[in-house]
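**Q** Those protein sequences? They're chains A and L, same order as listed.
Counting from 1, position 314 in the first sequence corresponds to residue 302 in our numbering; the numbering is continuous, with no gaps.
Quick note, our numbering runs 1329 ahead of the 1-based positions in the second sequence.
Just so you know, these hints were derived from the structure itself, not from any lab.
A virtual CB, placed ideally from N, CA and C, is assigned to each residue, including glycine.
One should not assume that every hint holds.
Claimed, not checked - For the chain A half of the interface with chain L, some residues (derived, Cβ under 7 Å), not all of them: (1) Arg4; (2) Gly272; (3) Trp273; (4) Gly280.
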Amino acid sequence: MTRPAAARGSRASADRLARLLNLVPYLLARPGIEIAEAAGDLGVTERQLREDLELLWVCGLPGYGPGDLIDMAFDGDRVTITYDAGIDRPLRLTPDEALALVVALRMLAETPGVANREAVERALAKIEDAAGDLAGAPVEVRLPGDTARVRELRAAVERGRALRITYYTAARDETTQRVIDPLRMLMVGGRAYVEAWCRRAEAVRLFRADRVDAVVELDEPAVVPPQARPQDLTGGVFRPSPDLPLITLRIGRGERWITEYYPCEQVVADGEQWLVSLRVTDLGWARRFVLGLGPEVTVVAPAELAEQVRAQAVAALEAYATPVAPADPAVAGRTQ
Amino acid sequence: MSRTRTERLVNLVICLLSTRRFLTAAQIAATVPGYEHDPDDAKDHEAFQRKFERDKAELRELGVPLETGTASVFDAEPGYRIAPREYALPDIPLEPDEAAAVGIAARLWQHAGLAAAASSGLAKLRAAGVDVDPQATLGLEPMVTVDPGFAPLTAAARDRREVSFDYRVPDRDAPTRRRLQPWGVVCWRGRWYVVGHDLDRAATRCFRLSRVVGAVRPSGAAGSYQPPADVDLISHVARWSGPAERTGRATVLVAPGRAAGLRRWAVRSDAGPDGDRLVLPYADADYLAGQIVGYGPDVRVLDPPEVREAVIQRLKEIATRHDDLMVAGGAR
């Protein structure tokens, strides 16, 4: 999105004014701070910071004489505010700032397996207190999670060892053993993941914590190859790439929820029914998926998938027509 | 904004913070550099007024609490001042581990607008003397994402203003306009909802934010309703999607080495001559049937009959539908 130049300019200027009003109390709290350190902290270049200081230097109390203007002492690369002209405190938080901090802290406090939750809760209470009415943000957060597994994984990741995990891959419906070198743990859309270098796939992979069936900490440190980078997850965990197989389903009204749970390439209404196209990692997964959806779904494409679905349903029906060998007594005894 | 305008605004803030008397526009013009003009020249005066209005708007936009009032009963013209107590961030004595937590929280936002608000909020805490360790981590960090309706709905709930929005439910063909007195916004299992009093249904309702189409429009005055005392927002959302107890037990026969997904949640597994017998806990027979049908001939239900019949019924319907397709030439 591009904003009109005027709006962009005014945004930048408002940002600069906010930064300047913040700068005096920031420096006041840190007498003799190195300019480079302050610039790094404030996210501006050293040159920009020097320009901000020059501007502040000519501002001050009415009268605008030598004793009225903001004053500062330079000592080499260090700066100390010697007169603040009354702007000795930062401006209070805006509603958006209070909301953004409070909601993110509540999210952290609710995250299962987060370290030092108690500090997060103390911080939240203090920010809410400082924000006053603004923190009455009517936002509540509740996240689920396999807490025991998440806790175990987090502790293991923190100790920096390589891990051998037993992992269920839904795309191929298989459980495998693999050695991973963890990078970080994160929570996306209410689910916990370990992001790690997978020695089996020789790539960075996300592992869903609730699909990790067992963890063994190895006696060797996690070594992440230099080329391994955390993935950009802003677009979601599953970003279908155009080289994956595309399937098209005709779905009834009762199955339209699919379009909310899976990223769809295209949804076309055809009267009562919808034609839904989505990318899948694996046709085997698509077959299990379609069979599991129920009777209101028909495969339109590819033909290969339609045939597999039909053949599987027919074969399963044939199996039900064949008597099952007598169960062993232990099992028969358990199922009344 | 030019350097001169920034300079003028900084001086305006300092001037209004330092005065206890309300200062009129004319007094401000005579004091703060950058407002010099000839008040007797109509055009010049009008230019000054426009400039001053823009500057006031800019300060309010930034959150500067600009007070309006008159200096004495003899003054007709309104004046301005900033009360330092209202302006200043209160002291927040954060311990290092608390400051680290705030620093982490500020970088969790994936939503551009709130990410900017979080980092400017953090900058104010730093200016108040809080030192934030940028390297700190809490081991597990949530990525905080919100739907576009989040900010307007939260603001409306805070201000107690009615809103209207178009809402699309997948099994309806067209979105419908809903009118709501929002009580609050809830994140439940990674999805966002708004809970409130639905004015058309005259009942408590919750709406999924991802289903809101287009803009959320506030209407009416702030403070126009009162949410019920002690309202538990989460409980209203959780009621619609709470987990059910899996008390049922089904026995299935699984081909050797197949259906890894089912094996993971079996409470019992016994190897037999024709495959493995698994005992699966379940809450809803129809849901379980869907899971089992996914495995085709690899999994056969032995017991109970309700699950077995549900599976066979589904298989028949799927076979028929895809058979018709073959005949119709829909797939070759």
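**Q** All hints, please: hold or fail.
**A** Evaluation of the provided hints:
Against a cut-off of 7 Å between C-beta atoms, the interface hint on A/Arg4 holds, since the closest Cβ of chain L lies about 6 Å away. With a least beta-carbon distance of about 11 Å to chain L, the hint placing A/Gly272 at the interface is violated under the 7 Å criterion. Taken as an interface hint, A/Trp273 does not check out: its beta carbon lies about 9 Å from the nearest beta carbon of chain L, beyond 7 Å. Taking 7 Å as the C-beta cut-off, the interface hint given for A/Gly280 holds, the closest approach to chain L being about 4 Å.
Hints 2, 3, counting from the list given before, are not met by this structure.
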